[in-house]
Amino acid sequence: MNKTDIPADVFKIWEKYSLKENIRKHCIKVMEVALKIAQHVKVNKEIDIEAIKIGALLHDIGWAVTNNPFEHFIEGAKILEKEGFSEKIVLIVERHFGSGLSKEEARKLGLPERNYLPLSLEEKVVCYADNLVEGNKERSFEQYLNWLSKIEEKSPELKWLVEKTEERAKRLRDELDYNF
Numbered sequence: 001m002n003k004t005d006i007p008a009d010v011f012k013i014w015e016k017y018s019l020k021e022n023i024r025k026h027c028i029k030v031m032e033v034a035l036k037i038a039q040h041v042k043v044n045k046e047i048d049i050e051a052i053k054i055g056a057l058l059h060d061i062g063w064a065v066t067n068n069p070f071e072h073f074i075e076g077a078k079i080l081e082k083e084g085f086s087e088k089i090v091l092i093v094e095r096h097f098g099s100g101l102s103k104e105e106a107r108k109l110g111l112p113e114r115n116y117l118p119l120s121l122e123e124k125v126v127c128y129a130d131n132l133v134e135g136n137k138e139r140s141f142e143q144y145l146n147w148l149s150k151i152e153e154k155s156p157e158l159k160w161l162v163e164k165t166e167e168r169a170k171r172l173r174d175e176l177d178y179n180f
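Under the UniProt record's numbering, the first residue of the sequence shown carries the number 1, and numbering increases by one thereafter.
One should not assume that every hint holds.
Each pair of labels, with its calculated beta carbon distance range [claimed, not checked]:
#, residue 1, residue 2, range
1, Phe11, Glu167, 15 to 23 Å
2, Glu113, Asn179, 31 to 39 Å
3, Glu50, Lys25, 27 to 35 Å
4, Trp147, Leu109, 17 to 25 Å
5, Glu142, Glu81, 31 to 39 Å
6, Gly84, Asp174, 20 to 28 Å
7, Lys170, Phe11, 34 to 42 Å
8, Glu81, Asn179, 28 to 36 Å
9, Glu113, Lys137, 28 to 36 Å
10, Glu142, Phe11, 29 to 37 Å
Hints in this document: simulated from the structure, not taken from any laboratory. All of these numbers come straight from a predicted model, not from anything done at the bench. Note that CB positions come from ideal geometry on N, CA and C, so glycine has one too.
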């Protein structure tokens, strides 16, 4: 995908916030995986392909203003809200972290107390697609689980979060019935 294939409103935001090239490439790969999942899912369900495309391309815009993984999805949602994107797109971005966070988990992490769990089909597709991409390469679900276990090894205090994330990721995989 080249620059001319990126929707103008997405490219404008990437440029305005100076989103790094490696994050742009990651977002493009997440979009590609999300669209594959969406094609698989839409056989049985109504799904907003355009929202998935835009949401996936902008899901990590928050990295332009923070280096904190526990804040980038919140900051990204703020940016898109400020820039006038629809609530549907804002929520895709706000709810893509890991496999989501409950209000209580957000509080435990010192985040604003909100539900960050993906609820809509579009939110779930982008969230799950993000799990299946490392950098700008697609990975298997098993590789994602291995990556999670490394987080737990490095940061034992996050064991509870890793366990919840793994549990939710498995539910997303089963619900979307997609495994690379």
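Here is what the structure says about each hint:
1. Phe11 with Glu167: 15 to 23 Å: violated (37 Å)
2. Glu113 with Asn179: 31 to 39 Å: Between Glu113 and Asn179, where Cβ atoms are some 33 Å apart, the hint holds.
3. Glu50 with Lys25: 27 to 35 Å: violated (21 Å)
4. Trp147 with Leu109: 17 to 25 Å: Holds, since Trp147 and Leu109 (Cβ atoms, about 19 Å apart) stay within the stated range.
5. Glu142 with Glu81: 31 to 39 Å: holds (36 Å)
6. Gly84 with Asp174: 20 to 28 Å: violated (36 Å)
7. Lys170 with Phe11: 34 to 42 Å: About 35 Å separates the Cβ atoms of Lys170 and Phe11, which means 34 to 42 Å holds.
8. Glu81 with Asn179: 28 to 36 Å: holds (33 Å)
9. Glu113 with Lys137: 28 to 36 Å: holds (35 Å)
10. Glu142 with Phe11: 29 to 37 Å: holds (34 Å)
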